[in-house]
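Starting from the given sequences, assemble the full structure and let the hints guide the process.
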Amino acid sequence: MNNKISLEHVTYRYSVGTPFEKTALDDVTLGFEQGIITGLMGHTGSGKSTIAQLLNGLLRPTEGRVLLDGEDIWAEPKKIGAVRFRVGLVFQYPEYQLFEESVERDIAYGPGNMGLSQEEITERVHNAARFAGISPDLFDKSPFELSGGQKRRVAIAGVMAMEPEILVLDEPAAGLDPAGRREILGGIRAYQKEKKNTIIIISHSMEDMAIYADKLMVLDHGHVSRYGTPHEVFSHAEELKQVGLSRPQITKFIMELQRAGIPVEGGIYSVDEAYREVLRAFEKKRMGG
Amino acid sequence: MLKDITLGQYFPGNSVLHRLDPRMKIFLIVIYIITIFSASTPISFALVLLSAFVLLLLSRIPPKLVLGSLKAVFFIMAFTAIINIFWTTGDRLLLEAGPIKIYWEGVEYAIFMIVRVVALIVGSSVLLTYTTSPIALTDGLERVLSPLKALHIPVHEFSMMMTIALRFIPTLIEETDKIISAQKARGTDFSSGSITQRARALIPVMVPLFVSAFHRADELAVAMECRCYRGGEGRTRMTRLHLRSTDFFALAAHLLFLGVIIALNILFS
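These protein sequence lines are chains A and B, in that order.
Counting in numbering that gives the first Met the number 0, the first sequence runs from 0 upward without gaps.
Counting in numbering that gives the first Met the number 0, the second sequence runs from 0 upward without gaps.
By construction, these hints were calculated from the structure, which means they are not laboratory data.
Take these hints with a grain of salt, some might be off.
[Stated by the list, open to error] Heads up, simulated BS3-like pairs for lysine-lysine below, C-alpha to C-alpha not over 27 Å straight-line:
| no. | chain 1 | residue 1 | chain 2 | residue 2 |
| --- | --- | --- | --- | --- |
| 1 | A | K21 | B | K63 |
| 2 | A | K77 | B | K63 |
| 3 | A | K77 | B | K70 |
| 4 | A | K21 | B | K177 |
| 5 | A | K192 | A | K214 |
| 6 | A | K195 | A | K214 |
| 7 | B | K63 | B | K177 |
| 8 | A | K214 | A | K240 |
| 9 | B | K70 | A | K21 |
| 10 | A | K78 | A | K195 |
| 11 | B | K148 | A | K78 |
| 12 | A | K140 | B | K177 |
| 13 | B | K148 | B | K70 |
| 14 | A | K194 | A | K240 |
Take a look at the structure:
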């Protein structure tokens, strides 16, 4: 497989050597494909966030290797800083990481650490702000004056501006209203289209991932239980239920319609698709008389 | 890494020490500290060290955990020990190399110093912080200090402040860890560069930490007001403290130990 980054028999234990030792991942092998958005899904405690931190070298595997372009990122532990520039990570609720005097300076913090030229930084900041949906008139404001949703976008832009080869986002849309979710996830989608980089979104929203991810990876107890396109993954409803996930609500809704005798096609995973399908069925019925 | 600091963390359990009355434990710790500092002969220092480990065993807390908290003060201990060894003068010369003279007294003094610090940390953490829940601890403190209310000292408010502070130590540590990780992911380098560069690297950690601490304080205040918190006036308690026979037994044991140490001092001086 054409994997950009992968885990190879990775085991990770927290607090090794203390009474609080806990195994978060046990012999996990998985890979993320180059140039697409992969949705990493799984119930709480399935090790999603641990994987995120292993990918960019914030955590070091207790056993096993993390391969970036086929090379072990821990081959030279002193150069792990360089890996963090290649694999960007946006944490869950990243609002708390803002600290600068202005929005612009905060977004520029990451690129600044990479030692880029001033022009390059300015350009990247403007680009990232555009994708994250931050209008330039917010640039001079203090990040602490912004609303929760705006702070989130600034934090995401701060990592996007580093233009990593791989961008990992841990629940980027958690706790936002539907419009906010759409804007952030849509922005990430647009960013991927332009940069052609590899993106991994951790989420447990089936609705969001059905629309924005190219491939889905379902984790269960630290093992990949299903990997494929959203259509492929969602066709295994029973299995999803077993790992504590369920199909999008709209899919269930369409199935209810079918059960009620309305001639709509199944295999629908987003509201847009459902809208077109219901409209089509309606037109057909009207034409048919 | 920050999680390794265990000083002042409650370790739930049901040992003899866990069950002692917090008020009594506060008295016991005062007596114990006096005992540690009144020891002055080798045999009494040995007994003090032994007592710290007896307490450790009684608490049933994993020794590794408690000894781990000694790591935090290891450098201070090593530093004071070295200073004592080189700078204490006495009559019994042990070693002479050029201008450096090391006396027996210095070595003795350094060992005593280390024993004192170890006993102080192990004893007090096992006797109080590890075995007393923060709530019980401040409850006990409030009761012990309640006579000061007559002098218009806001004892209840102080103990409430302490309760809150203790309660939020683990939360803030966790938060700091989280912020450090997030800034590392943005390329902050905490471990190399000059001192000023490293100090500057702390700004992205300190600012969000303060902001969130203030937020938390604000939210907590509102939540407390919503539950009609109005200070200590006329406030009753859910759990009342009762002294039991084991409490008095522990007191007797501590006083006896203090007596033994003082007697040893007089005998061997």
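Each hint, compared with the structure:
Only pairs whose Cα atoms come within 27 Å are accepted, and K21/A paired with K63/B is accepted, the gap being roughly 17 Å. Restraint check for K77/A and K63/B: the C-alpha separation of about 30 Å exceeds 27 Å, so the hint is violated. This hinted pair checks out: K77/A and K70/B have alpha carbons roughly 25 Å apart, not beyond 27 Å. For the proposed pair K21/A and K177/B, the alpha carbon gap of about 18 Å is at most 27 Å, so the pair holds.
Note on K192/A and K214/A: the hinted pairing holds, with a Cα-Cα distance of about 15 Å set against a maximum of 27 Å. With a C-alpha separation of about 15 Å, the suggested pairing of K195/A with K214/A holds against the 27 Å cut-off. Between K63/B and K177/B the CA atoms are separated by roughly 26 Å; this keeps the pair inside 27 Å, and the hint holds. As the CA atoms of K214/A and K240/A are separated by approximately 19 Å, the hinted pair is consistent with the 27 Å bound.
With a C-alpha separation of about 23 Å, the suggested pairing of K70/B with K21/A holds against the 27 Å cut-off. Taken as a hint, the K78/A and K195/A pair is honoured in the structure, with Cα atoms around 25 Å apart against an allowance of 27 Å. Note on K148/B and K78/A: the hinted pairing is violated, with a Cα-Cα distance of about 60 Å set against a maximum of 27 Å. Distance hint between K140/A and K177/B is fulfilled; the C-alpha atoms sit about 25 Å from each other, no more than 27 Å.
With a C-alpha separation of about 39 Å, the suggested pairing of K148/B with K70/B is violated against the 27 Å cut-off. For the hint pairing K194/A with K240/A, the CA-to-CA distance comes to about 35 Å; that exceeds 27 Å, so the pair is violated.
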